[in-house]
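**Q** Just so you know, the protein sequences line up as chains P and Z, in that order.
In this text, residue positions in the first sequence follow this note's numbering: the first is 8, and each later residue adds one.
In this text, residue positions in the second sequence follow this note's numbering: the first is 81, and each later residue adds one.
Possibly wrong hints are sitting among the right ones.
[Claimed, not checked] Footprint (simulated), chain P over chain Z, 3 or more residues, beta carbon under 8 Å: (1) 83-89; (2) 96-106; (3) 175-188; (4) 234-243.
For the record, the hints were derived by calculation from the structure and aren't laboratory data.
Quick caveat: nothing in here was measured; it's all calculated off a predicted structure.
For each residue, glycine too, the CB sits at the ideal point set by N, CA and C.
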Amino acid sequence: MSQKDVIFKEIFDKNSKKIFHLCYGYTGDKDAANDLLQETFLKVWQNLDKFRNKSLISTWIYRIAVNTCLTYLRSEKRQAKDELTDNIIENRIEEYSEKNEQVALLYKSISKLEENDRLIITMVLDELPYNEIAEISGISEGNLRVKIHRIKQKLTELYNQHARI
Amino acid sequence: MQEFDQIEALWAKHTVDVKISADEMLSQAKKEVSTLRNKSMLNIIGMVLSFLAVACLWFFNFQSWTTHLGISIIVLVVAVYTLILYNNHRIIAKNDITANPNQFLNSLKLYQLDRLSLYNKLYWFYTIALSLGMTFFFVEILNHMQIWAQITLIGISLGWMIFCSTLVRKAVIKRDKERIALLIEKFERISAQFNEQV
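My request is simple: use the sequences and hints to build the entire structure.
**A** Dropping the structure here:
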């Protein structure tokens, strides 16, 4: 196994769960999140030689994941699938009811936020430092703090609304 | 009624199952990269072969200047098309997926707009030049054929061009336009969310 393979596997093991959270929060759909996760790591593999240690490797991977999520396109075909998926989610929520209904509701609430806000809040929930989130999203730290405050309020509101239904 | 710190606690406790393992991801990444490389290589080989095949026609002993002009135009069209394909490939490869999201989306938006205008203009250049090239080429060739062969060849060529200029063109442009419009609309919406005025 080459050095690149070893590094890639280590990177995947360390970061895949957090990147999955980001993709799941963005799409609100597990299958789509898995597709986005794979697309992200495919790009990581393709660009690994270009990584120059200017930032943390996790920051670099997050940036690739954010860009991959933002360019994720819901075509008509995908939208039709999404409508179907919404029904599946509804059914899944029922299945979850005994186990983990609250987590499913949380992902559903995140996916109702604006695209950029979904990505920021999943990074906040995964406890990334603010300076790292600012670097990943290309927003200044001062503005990010204000933005995060608003997103937290919005998410709490959405979650409570869904929880009441 | 929940507060945000309760949401944070819920998030911290939850676990997810990533369906794919590191080994599977590694082998998939390697496979996809080699598939992409092969596809791109096959595309270039195909275009070079077409270029050579048409250029080989010069070795036949054609008498009329129209035939040579026809071959030259077709060779030029194939060469220009190959260059545009190569250029497109280079622009996509240059797009930095690791750039900050706003920069990345802006460069992608510009690229998509360029591509839309290029494809619209390119289509007419391609069709007109190819039709012109074939018309010049057939002037001498048809003289050596029987009348039924002439009619069949002209019929097939005309039919193919009409089919491409109507059904195929409409479908391709419609699909591309919808896809790009959807992307641009999305880029604009997301760019607004990245606005510094929070």
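**Q** State the violated hints by number, sorted upward, taking the hints as numbered earlier in the document.
**A** Of the numbered hints given earlier, the structure breaks just one, which is hint 4.
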